[in-house]
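Chemist: Protein chains in written order, with the UniProt record's numbering: chain A, 1 to 255; chain B, 1 to 255.
Note that these hints are calculated values from the structure, not bench results.
Beta carbons are placed, not taken as given, at the ideal position from N, Cα and C, and that holds for glycine.
Keep in mind that a hint or two might mislead.
[Stated by the list, open to error] The calculated label-pair distances, taken between Cβ atoms and stated as ranges, are:
#1 Asp127(A) - Ala219(B): 25 to 31 Å
#2 Gln195(B) - Asp127(A): 32 to 38 Å
#3 Thr187(B) - Ser209(A): 54 to 60 Å
#4 Gly199(A) - Asp211(B): 54 to 60 Å
#5 Gln206(B) - Pro12(A): 33 to 39 Å
These are the residues of each chain, in order.
There are 2 protein chains.
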Amino acid sequence: MCQLLGMNCNVPTDICFSFEGFRKRGGLTDHHADGWGIGFFEGPGCRLFLDWQASSTSPVAELVRNYPIKSTNVIAHIRKATVGQISLANTHPFMRELWGRYWLFAHNGDLKTLPALNHGRYQPVGDTDSEHAFCWLLQQLSQRFAEEPAAEDLHTALRELALQLAQHGSLNFLLSNGEWLAAHCATHLHYLVRQAPFGEAHLIDQDVSVDFKALTTPADRVALIATQPLTDNEHWTALSPGELLIFRDGLPSRL
Amino acid sequence: MCQLLGMNCNVPTDICFSFEGFRKRGGLTDHHADGWGIGFFEGPGCRLFLDWQASSTSPVAELVRNYPIKSTNVIAHIRKATVGQISLANTHPFMRELWGRYWLFAHNGDLKTLPALNHGRYQPVGDTDSEHAFCWLLQQLSQRFAEEPAAEDLHTALRELALQLAQHGSLNFLLSNGEWLAAHCATHLHYLVRQAPFGEAHLIDQDVSVDFKALTTPADRVALIATQPLTDNEHWTALSPGELLIFRDGLPSRL
Numbered sequence: 001m002c003q004l005l006g007m008n009c010n011v012p013t014d015i016c017f018s019f020e021g022f023r024k025r026g027g028l029t030d031h032h033a034d035g036w037g038i039g040f041f042e043g044p045g046c047r048l049f050l051d052w053q054a055s056s057t058s059p060v061a062e063l064v065r066n067y068p069i070k071s072t073n074v075i076a077h078i079r080k081a082t083v084g085q086i087s088l089a090n091t092h093p094f095m096r097e098l099w100g101r102y103w104l105f106a107h108n109g110d111l112k113t114l115p116a117l118n119h120g121r122y123q124p125v126g127d128t129d130s131e132h133a134f135c136w137l138l139q140q141l142s143q144r145f146a147e148e149p150a151a152e153d154l155h156t157a158l159r160e161l162a163l164q165l166a167q168h169g170s171l172n173f174l175l176s177n178g179e180w181l182a183a184h185c186a187t188h189l190h191y192l193v194r195q196a197p198f199g200e201a202h203l204i205d206q207d208v209s210v211d212f213k214a215l216t217t218p219a220d221r222v223a224l225i226a227t228q229p230l231t232d233n234e235h236w237t238a239l240s241p242g243e244l245l246i247f248r249d250g251l252p253s254r255l
Numbered sequence: 001m002c003q004l005l006g007m008n009c010n011v012p013t014d015i016c017f018s019f020e021g022f023r024k025r026g027g028l029t030d031h032h033a034d035g036w037g038i039g040f041f042e043g044p045g046c047r048l049f050l051d052w053q054a055s056s057t058s059p060v061a062e063l064v065r066n067y068p069i070k071s072t073n074v075i076a077h078i079r080k081a082t083v084g085q086i087s088l089a090n091t092h093p094f095m096r097e098l099w100g101r102y103w104l105f106a107h108n109g110d111l112k113t114l115p116a117l118n119h120g121r122y123q124p125v126g127d128t129d130s131e132h133a134f135c136w137l138l139q140q141l142s143q144r145f146a147e148e149p150a151a152e153d154l155h156t157a158l159r160e161l162a163l164q165l166a167q168h169g170s171l172n173f174l175l176s177n178g179e180w181l182a183a184h185c186a187t188h189l190h191y192l193v194r195q196a197p198f199g200e201a202h203l204i205d206q207d208v209s210v211d212f213k214a215l216t217t218p219a220d221r222v223a224l225i226a227t228q229p230l231t232d233n234e235h236w237t238a239l240s241p242g243e244l245l246i247f248r249d250g251l252p253s254r255l
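Just chain A, same shape as in the assembly (with noise of 0.2 Å):
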């Protein structure tokens, strides 16, 4: 099984405290060591970090702790190869465009059959499961929709695909647009807001600690979402089976 990082935020955040802690599991204190890769929304822009190498020690990875990139969307995710060669092309998150914005979606768990995909307008180019699952997400919203809809129609959409996709296997997923980050939960998938007033965190993979009091204003609001927690004293809330979460501006709703 694979790992997932999300970040959603009020404000541009950097993730290199978090990220320092999550890269560490893969291949150092966890075993997913078949790739990763990480996207960040900068604006309407997406930047997208790939490495076939493990993130415990990919120079990419090395990159991405050292240069604070600031965002308020951000997916991570390490590879335990299930489904599909390690490889570039089958490194999470996959990136497709629709209405004119980028989309990122990083998923953790195994379908054991896939829907069909009609029409080739999203095409997986890697063999995973994963991107078969995305392709078919975006597909069946562009088809629902020709234009971007408002966001509750988009997520009640969200949530209808989110039900029949999950009858196909297990079904962890990061998705986000730029504006928004949605969260599905199968198995496991645990996430934290952090705002005033802040305190220390300490990861648990590493013994570093960060007082964000001294990084933040009062106003700031940061969502992460990780399939298990990153610290280990602050209060993570799992997620339930079935349970589909949108971050906006830092807080969940429930769908």
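Chain B: place on chain A using the hints.
Modeler: Only chain B this time, still in chain A's reference frame:
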């Protein structure tokens, strides 16, 4: 105007030497300081590094300079903003998927008018004429061919589409689907094929030489395509206005 750099090879090759000279033009030996990007195909996979900082000082460019990513098709671009603000969404190369392959596109020039984008399958995320042109190209190809056609049919279509698009303005571009790399010249574009017997090359933008004899096998062949020549002791060939070359396995063919 911007600067383009492309590489097409018969075996995966790193672009570190050429990139070292090229990146200096982003703010140091030339004034293209409004962001830069580079995309590498690795098999069907593609990784794209983008930064809105000048390539001469960007930490991402430092990584690309020092991390020898081996690829058979590379497209890089440094930007002098003419249309569209400085932002990640306006940074080349642009990437989309068609027929289960990633495509990369970078452009140098200004389109005075823009062809209509019907059906909305590909829509620009940023506000450059370049991304619009790329979306139009892919939309046209997807309308002509429901599935990936034979390479010669695809190249014939590309030739027709480039002719149409060039009527809208100045169109120097590099386009690759990971199998081949197309170079279209409107004003400035040069290429070079390095093959046995290999010799020494010396950069124009920095006093750095490399002896390719020590780094290659006799079967290696590498084509480099750049707005302006990168070395001062090799024979670069200028493309003619309106010329479209397809590079495959390090060799150009004229369309």
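Chemist: For each hint, tell me whether it holds in the structure or not.
Modeler: Tested hints:
| no. | hint | verdict |
| --- | --- | --- |
| 1 | Asp127(A) - Ala219(B): 25 to 31 Å | 30 Å, holds |
| 2 | Gln195(B) - Asp127(A): 32 to 38 Å | 34 Å, holds |
| 3 | Thr187(B) - Ser209(A): 54 to 60 Å | 56 Å, holds |
| 4 | Gly199(A) - Asp211(B): 54 to 60 Å | 57 Å, holds |
| 5 | Gln206(B) - Pro12(A): 33 to 39 Å | 34 Å, holds |
Violated hints for the displayed structure: none, as all numbered hints are satisfied.
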